[in-house]
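Using the sequences plus the hints, can you model the full thing?
Listed below, chain by chain, are the residues.
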Amino acid sequence: MKQCQGSLGTPEQAQKLKEVIEQSRSTPGCLMHILQEAQAIYGYLPLPVQKTIAEGLNISLSEVYGVATFYSQFSLNPKGKYRISVCLGTACYVKGSEKILQEVESELGIKCGECTQDGLFSLDSCRCVGACGLAPVMTVNEDVHGRLKPEMVKGILDSYRRKEV
Amino acid sequence: MNIKEIDAIRAKKKALIDVRRVVREQGEKLAKQTGYRKQVLVCGGTGCTSSHSMKVIEQLEKSLKEFKLDDVLIVKTGCFGLCSLGPIMIVYPEGAFYAQMTPEHAKTVVEKHLVKGGALLKELLYQGTVAEDGTIIPFAETPFYKKQMRIALRNCGVIAPEDIEEALAAGDYSALEKVLTSMSPDDVINEVSASGLRGRGGAGFPTGRKWSFAKASQSDVKYVVCNADEGDPGAFMDRSVLEGDPHSVLEAMAIAGYAIGAHQGYIYVRAEYPVAVHRLQIALEQARKYGLLGKNILGLGFEFDIEIRLGAGAFVCGEETALLTSIEGHRGEPRPRPPFPAVKGLFGKPTIINNVETWANINPIINNGAAWFASIGTQTSSGTKVFALGGKITNVGLVEVPMGTTLREIVEEIGGGIPGGKKFKAAQTGGPSGGCIPAQCIDTPIDYDSLVAIGSMMGSGGMIILDEDDCMVDISKFYLEFTADESCGKCTPCRIGTKRLLQLLTKITEGKGEPEDLVKIEELASHMKQSSLCALGQSAPNPILSTLRYFRQEYVDHIEKKHCEAGVCKALLTYSIDPQKCRGCTLCARNCPTHAITGKVREAHVIDKDICIKCGVCMANCKFGAVVRN
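Just so you know, the protein sequences line up as chains L and Z, in that order.
Each number in the working numbering corresponds to the 1-based position in the first sequence with 132 added.
Each number in the working numbering corresponds to the 1-based position in the second sequence with 68 added.
Any given hint could be a false lead.
Claimed, not checked - Simulated pairs of lysine-lysine, BS3-like, Cα-Cα distance not exceeding 30 Å:
1. Lys211(L) with Lys558(Z)
2. Lys649(Z) with Lys281(L)
3. Lys130(Z) with Lys180(Z)
4. Lys123(Z) with Lys281(L)
Simulated from the structure, these hints should not be mistaken for lab results.
This is the structure in structure tokens:
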């Protein structure tokens with residue numbers, strides 16, 4: 133995912149955003165859909181993007197901002213190339229997912245909700261990905277890692293680091 | 069397509085599906101009609117794909133090609149239920165239940181079992197299906213499946229959800245056909261009412277009554293909504309239905325549309341469920357192509373279509389009015405009721421909103437009749453309930469049991485008991501809105517009313533089993549953290565109340581609790597229950613109240629003795645080394661992350677309590693049981 137450059141990113145990104153707004157603007161209740169698409173284009177929802185959406189739909193920026201900050205899926209900050217999400221759903225929690233989260237935090241040197249300085253990893257927690265049979269679980273982008281033990285964390289992170297060398 | 073064309077598809081694929089539903093001998097006869105000597109069903113649900121069942125399918129395809137076995141059919145299905153043994157693969161007609169498959173295992177199964185004249189591989193089967201004398205027990209006869217009754221999950225793990233022809237052959241859309249050809253809208257509502265079906269989302273409101281309110285509301289436009297925002301952590305029933313049999317939901321929504329006079333439906337589904345969303349999209353496209361949704365359904369003149377709306381990770385959107393606000397594109401905040409959605413719902417129009425599992429029950433009710441459905445379950449709760457069984461239980465997975473089944477049957481028989489010989493402590497049902505069923509209530513028959521009577525609630529069906537190592541104060545705190553985080557902030561009792569309750573609980577788990585804290589908790593909880601705007605706030609205190617009811621002594625121990633019996637609340641723990649047992653092997657000292665342990669080789673070691681962070685690594689590593697936790 134390319135990071136946002138300038139106010140609306142690359143010309144292709146700006147064009148895509150414009151198309152998404154055009155296609156959906158007449159559908160009732162389209163704001164969430166547009167924000168989801170915009171986040172898919174930019175990886176997050178920078179302020180200029182929110183402004184463009186507000187203008188495109190002829191609604192106030194505060195309304196767009198209100199929706200963007202209400203739902204946990206939307207992010208106002210860039211995410212890492214590898215988005216780590218440790219499940220803190222009940223089934224994972226009772227099987228020790230908090231220890232997994234602590235291990236990832238200490239291994240990456242960041243707190244939950246933050247992104248590493250090199251932009252490689254960002255860390256979040258989530259509530260249940262529905263793979264309770266594998267508890268405790270964490271996801272890295274679309275990969276699911278299950279039946280985790282704290283000592284497995286380093287090896288998993290290393291497997292992504294190796295992809296970058 | 070018209071009814072005749074649909075019937076032709078059903079007839080063509082019927083034997084294929086029946087092979088998977090009958091006993092072995094009949095299956096072998098039936099298999100001859102299908103053109104496939106063997107069928108290999110592999111679970112493609114989120115549980116099994118997370119443990120790489122797609123790689124198993126890839127390997128199967130490759131190996132089958134290698135051995136030129138073109139009379140073996142691979143079917144990617146939804147969830148079989150026994151998620152802890154995933155990836156699961158079942159071979160028909162023999163019904164061989166292979167568990168924890170790897171690509172290597174798949175290769176072996178092709179080489180030794182699926183080839184002509186092959187025999188099943190006992191060592192790779194789910195060992196619960198291999199009797200002591202070596203004979204194979206049909207998996208339907210194993211304790212996990214025996215006590216279950218699959219109505220909502222009837223097609224999950226049986227059909228390929230991405231193939232509408234298999235869904236048709238398994239009976240999907242037959243109820244829609246019956247409704248459109250031989251029933252009036254009132255007949256439909258009467259049938260659903262008479263069945264006694266109650267909403268499976270948690271509150272248990274009678275479905276038929278909801279529909280009749282929406283029908284009675286006068287409006288040119290009405291809507292039908294499916295609540296697939298399954299936000300309760302540890303619950304995955306709805307996800308499994310959507311992944312395993314999405315057409316059952318589409319069909320039921322069309323039936324409701326006919327009953328109340330609506331032509332548009334919406335499915336609001338969590339974006340965290342990519343597999344379910346993908347299957348729904350495929351199902352919608354196929355249903356439109358086959359004339360089962362759209363302008364002229366089955367050529368009978370009825371019009372109904374459905375749109376998918378993705379959620380964006382807000383628990384409160386599972387509350388019906390918040391969900392409707394979210395579909396409208398706003399912050400998902402609840403609205404006061406009345407007016408109820410059946411009167412003034414989506415975009416201000418009369419709307420019925422039911423959850424996925426409720427919808428999945430409609431087809432069998434229409435086809436088999438209300439009396440049949442009402443005969444299952446208990447007096448006030450008819451039918452079955454799907455539970456997502458998780459936590460400290462051997463058979464983690466999805467189970468569907470008749471209402472009135474006892475918790476003991478679910479935990480000890482279906483669930484296979486608690487692993488590691490630990491003691492059952494409680495079952496948590498209803499997630500952040502529910503409560504705990506303690507060991508002394510293990511024989512309670514589970515239905516809507518009996519659960520409320522013992523201070524819990526049915527909820528959507530998440531059931532987390534807790535053992536002696538779980539601290540009930542900590543579990544309450546876990547749920548409060550969740551609700552405080554997810555409170556939308558619209559009403560004060562919930563926004564501030566959840567925060568204050570969480571503060572009090574944190575204080576107790578950190579060893580700073582005072583006796584009057586329990587009084588404060590109970591008072592605050594009662595205010596929140598009475599004055600919060602929606603069910604999220606009204607039920608947020610439930611996890612505390614129910615644990616206080618059955619495990620009050622644990623709270624008192626935390627406050628007065630500063631002691632956590634389960635050994636979970638770190639601030640209350642101290643680790644020490646028993647000098648009698650310590651052999652001075654230095655293993656603990658070498659593994660201690662904060663170098664809090666000192667001692668010479670072959671001499672007793674000591675933990676410096678000021679440096680110790682109570683991580684428990686020493687205890688886990690000690691081979692002599694010398695580390696003591698108090």
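These are the hints, each one checked on the structure:
{"no.": "1", "hint": "Lys211(L) with Lys558(Z)", "result": "holds, 29 Å"}
{"no.": "2", "hint": "Lys649(Z) with Lys281(L)", "result": "holds, 28 Å"}
{"no.": "3", "hint": "Lys130(Z) with Lys180(Z)", "result": "holds, 15 Å"}
{"no.": "4", "hint": "Lys123(Z) with Lys281(L)", "result": "holds, 23 Å"}
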